[in-house]
Amino acid sequence: MTPEMLKAFYRMGVFVLGASVLLFFIVEPDSAEQTITILSAGIGALLLLLVALASWLMNR
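Residue numbers (our numbering): 817 to 876.
Hint data in this document are derived by calculation from the structure and do not stem from the laboratory. Hints should not be assumed to be uniformly reliable.
Label pairs and their calculated CB-CB ranges [said to hold, decoys possible]:
1) D846 with A824: 31 to 39 Å
2) N875 with R827: 16 to 24 Å
3) V830 with T851: 18 to 26 Å
4) E820 with P845: 34 to 42 Å
5) A870 with G834: 16 to 24 Å
6) I854 with T818: 16 to 24 Å
7) K823 with T851: 29 to 37 Å
8) P845 with M874: 25 to 33 Å
9) M821 with A861: 15 to 23 Å
10) G858 with T818: 23 to 31 Å
Cβ coordinates follow ideal geometry from the N, Cα and C atoms, glycine included.
Let the sequences and hints guide you as you build the complete structure.
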């Protein structure tokens, strides 16, 4: 995996996580939108974690 690909995946993860964290405070509690926002935040965090893991393994 090239460093440019890792940077692109990192940017996507930051965007998804950041947008979902901001939306979490706007959507109504106990709604379907809040559930999707929480799942999106999890996916963004997972993507960032996988990018960090791949970067660590490549530089080891």
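Requested in this report: State the violated hints by number, sorted upward, taking the hints as numbered earlier in the document.
Outcome: 6, 8
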